[in-house]
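Please construct the entire structure, taking both the sequences and the accompanying hints into account.
Below are the chains, spelled out letter by letter.
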Amino acid sequence: MRAQFPQRTLLSLALSLLFLSMARATRGCSSSSPQLLSQLQSQANITGDTRLLLEPYILLQELNTPTLRAACREYPVTFPSEDTLRALSKPHFLSTVYTTLGRIQHQLDALRQQSPKTKVFPLLERAKWNVQGIRNNIYCMAHLLNHPLETPNPTEAGSGASPSTTTTPSIFQTKIDNCRFLWGYHSFMGSVGRVFREWKDGPSRSRRHSPRHSLLRAWRKGASRIRPSRSSQSPMSRVQVPW
Amino acid sequence: MAFSVALHPAFLLVVLSLKTSRSEVLGEPFQLTPEILTVSTESKLQQVNLQWTVPNLTHQELKMAFQIEISRINTSNIVWVENYSTTVKWNQLLHWNWKSEIPLECVTHFIRIRAMVDDAKYLPQNSWSNWSSWKEVSVQVSVAPNTLLIFPDNKLLEEGSNVTICLLYGQYLYNVSCMLQKEPIHGEQLDSHVSLIKLNNVVFHSVSGTNIHCKAMNATKMIFGTVLFVSKVLEEPKNFSCETQDFKTLKCSWEPGVDTALVWSQQDSQSYTLYESFSGRRELCDHRNSHNWQITDDSQETYNFTLTTENNLRKRSVNLIFNLTHRVHQKAPHDVTLENIDARKANMTWKVLSRGNNYILLCQIELQHEREVIHEHNVSVHMSASYLFSDLEPDTKYKARVRCADANHFWKWSDWAQKEFCTPEAAPSQALDVWRQVRSENGSYVVTLFWKPLLKSQANGKIVSYNIVVENQDRLSESEHYSVPAPALGTQLSLDPCSYKIHITANNSVGVSPESVMVLSNDSGHEEVHEKRIKGTKDGFHISWEPTSGDALGYVVDWCVHSRDQHCDLQWKNLGPNTTSTNITSGAFKPGVRYNFRIFEKSMQQKAQLLEKQTGYTQELAPLENPEVTINNFTSNSFILSWPSYDSDFQSAFIEGYHVYLKSKEMQCHPKGKRMTLPDYWVLCEYEIKDPEQKAFTVENLRPESHYEFLVTPYTSAGQGPNETFTKVMTPDENSNMLLKIILPMTLCVLLIIIACYWKSQWVKEKCYPDIPNPYKSSILSLIKSKKNAHLIMNVKDCIPDVLEVINKVEGPKTQCIVSGNPHNEDVSMKPPSSVPTEDGSSGSVPFFFFENFTYDQSAFDSGSHGLIPGPLKDTPCQLGLLTPPEKLLNVLEKDYMKSLAESPTEETSLIYVSQLASPMGGDKDSLATNPPMPGHCSEYKMQMAVPGRLPSLALSENNSLTSEILLGQGEQ
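Heads up: the protein sequence lines correspond to chains A and B, in order.
Just so you know, the first sequence maps onto residues 1 to 243 in the working numbering.
Just so you know, the second sequence maps onto residues 1001 to 1973 in the working numbering.
Careful: at least some of the hints might be erroneous.
Partial pick of chain A residues on the chain B-facing surface, computed with a CB cut under 8 angstroms [said to hold, decoys possible]:
(1) 60
(2) 62
(3) 68
(4) 71
(5) 74
(6) 170
(7) 176
30 angstroms max Cα-Cα, derived BS3-like pairs, lysine-lysine [said to hold, decoys possible]:
(8) 1672/B x 1690/B
(9) 119/A x 1044/B
(10) 117/A x 1044/B
(11) 117/A x 1315/B
(12) 1331/B x 1397/B
(13) 1182/B x 1248/B
(14) 1315/B x 119/A
Chain A residues, not near chain B, derived (Cβ > 10 angstroms throughout) [claimed, not checked]:
(15) 51
(16) 83
(17) 125
(18) 175
Just so you know, these hints were derived from the structure itself, not from any lab.
Using N, Cα and C, we set each Cβ at its ideal position, and we do this for glycine too.
And the structure:
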């Protein structure tokens, strides 16, 4: 436990910085797409760390056994896989991530309500705002690339409805489901971070254009790819997103 | 129809009453068989609820006993039998429940009931009624194939209790293993689809519950589980009490014990409820450990509280009954004041919250000094009170505090009310403890006065200065005043050698201390007494002395803490008149350090006379170093070792003697020494010098030209000095002295001869090196000139030199500069050239004769002249070579040569040589012109060169710049 203290301190520091940057993001969109992209990548990488939520949750819920840890990863809640995300066009990618994060936000909120007066409660609270910050940045990125998302207000939380439960699942099963959700959440954010890195690395490897122009070009290219037909499925229909 | 309907119950009632009355009258037993109406289950509680009635009951009330049986799996497997008694009313529905240890979902239960009248109003009945029919109790669950159901789910239970876990297997599921957290758990198979796991004495793991999870071998990807929420046992509140300070609020407090809350909404923290029975009020406590109960009824004196704590599993209560007036926690006194009466007295006043004149409080007063209670007192108080503190110390900080309680029904002291104060200063109450050290310096006394600081209780304030009055006893009119500012603890006075009376006092802001008096006599500091050695212990020294007079005022023992240092740090101890011994202890005493004690006797006139000196060690140590030994009278057979004495203050113990060790090969020891044989034929002789004052030792009977090694080390009672390296010596040869005796006189003789020779050098010179007469100064020259017969004497001017050699004599350092390829000119002159160039340019073999003529003035050499040019040629050959080309040199030579001959015919010249025709014949030195000089007695000629007269002049080559060897042809001259 003592050995974890410095890591937690570093994580807290990183989270504080992240929160600051997110707070800044909520005030208005940045005009610099490279800066925004870099910020998004950092945010995704940081929130992809399982030490932020999953590990504290596992310890709190006494799931720290090899069998239960494995169970957390056996059937992760279906998030868009990294390959799926990479295959998406950039508008679709941003849209998919934005939508998924909205659902994640709701689930985090539900999870928070399940765990009052526990050690993970403040972590969940913070994670919820982190996700909100990332969503805002994604919204700004789409706006910056002249392809705004179909969402009225960037600072408003997603309006996805909570999953309706017909039967009350056992607490054990809920623990496992929450654990799987957190695992999926971290994995998803890690995947998003890696995709963002590819965006970032792309121009320097191939072209000498400015990132803004490259992104715009890539965006238009992607947009032109998704625009044509009505039959082309929405991002949500192409990837299976829970809730 | 309506009539018949109404008539039928009435008929039955009549029949029943008749039957009953008949039974009552006859006293016959009658049986009432209960009838089960419903059997329900509460799965979460694993509870079976039974509802039944007693048909045919004719009485309004009847006490009855019921027996209920429960069987599991099949009716024959009875697992529970319980008797239940109650009063049954007519047409009443009766209830009973039972909790199963096994979840009801797992097995089927059966239940039946029978009854018996158990009423004293009737005849006792010893037989039960018939059993009701079995009713099946089951909770239907469907288990899907390849799934596992675990019951109970989300079970809440208390730590230490037992629980049975039931597993229901779906189809195709087998080999299921379960774990409680990380520990495997095993159960018993009830049937092919059900197994039970019994867990006894479960322990608390986490507020999140204890996970039980199972996996089937054929469904590895599936995990099944349940959570046991094990609650800590609810504890009874401890130390429950209530009190009031103002009769408006009762503050009740308790120790709550552990929090039994669990997450997942399974159990909140236990609640606390206060119930007062007289008023019938119940209040939910707003804190876990306290509650403020408002007193609404002033007339209520007695309170009966029940504190109940409760969680989902348990309820615990504690009770408290008390009279309100007995639970008064008085508020702290207020308006506390303190007034200093004088330096030793102060008055404290305070007020208390009172409930009238009849209400008496008991107050406790404390006086603290430096956090230590020095005074405590209790007083009875109505409204206000005061207390006088006396015997206080001047200039001292105190803390006074007071607290009160109900005097009639003591419950609890109030909080303290406190005040700090400081007493004013007073004049110092004690004379200084003074002492002095006297030493003579340049005919006057240097008196160093010392005093010890007054204790705080003696100083009565901050000492500002020390006053010293020195009265001259011999001249009473003279007295000097000195003031030494604090915190100095001594001063130094320089006094004339007279008797003095010294008064010393200490001053603070209020007054002066009593004076301390010392008298110095004329002989103070000159007393000579015998020094006695004493033996100390690790704790210190015991000093005892013999009093010399019977009227001593007292004694003083003084000593230096740092005897080895310049800084003495004088300490002293005053002792009473009847004392003849004392123990001197000090933490500063160190082993191996000599301490010198002086005992003084103080007379009635305050005069201190030195009685004794005592010196000693708390612990003697072995010497730390050996003396530096010098060897004297070193001969081939003996030598003397001597060493200086130690400074006594630097001795680590009293030196008792010395050990001298002598080591050599095959040596014979002196009979007084101890002989020890060492390896390699070495012998060690040890000699002991028992007199510490002896500082020399003669080592005798040594062999000449032998190696010896010695070591001198002192020894004390604690041992001898360090084992250092032996000093090596070698005895000289026996003949060396003899040689010394011969060589020394011989050397002296030779020296004397040399001195004599030097002294007689003129005489020797005259005898051995007579001066060659100067022909120009010769008397014969004037004779010849006068006779105009100049041809009889060869004039130098008339000589035609055949060869002119310029000897360029260079001083030692100048010879260092030799141009490569040009040998030194003296070497050249000594070495005849093998050939001389002729006029036609050919070189031929020409005989040369070299000689040196000493007839020229030696001073020319000494003056540094070189060659023929007196001035510039003093430079080095290098300079010569550079500045003077050979052909010019030749001209200069010729010119100067001629000039010198012409201008100084009779004077000494710097010309150092002139070539002459060599003559094989010897001649008188005086017959220079006619006879060529020949080396005579005590004379020596260097070679000069003579060449034949026909030789042409030699053209100097450019390479001959240094070696000025000039050949002149006869005709040319």
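Tested hints:
no.	hint	in the structure
1	60	holds (6 angstroms)
2	62	holds (5 angstroms)
3	68	holds (6 angstroms)
4	71	holds (5 angstroms)
5	74	holds (6 angstroms)
6	170	holds (5 angstroms)
7	176	holds (7 angstroms)
8	1672/B x 1690/B	holds (12 angstroms)
9	119/A x 1044/B	holds (29 angstroms)
10	117/A x 1044/B	holds (25 angstroms)
11	117/A x 1315/B	holds (23 angstroms)
12	1331/B x 1397/B	holds (27 angstroms)
13	1182/B x 1248/B	violated (57 angstroms)
14	1315/B x 119/A	holds (28 angstroms)
15	51	holds (19 angstroms)
16	83	holds (22 angstroms)
17	125	holds (16 angstroms)
18	175	violated (7 angstroms)
The structure is inconsistent with the numbered hints 13 and 18, although it conforms to all the rest.
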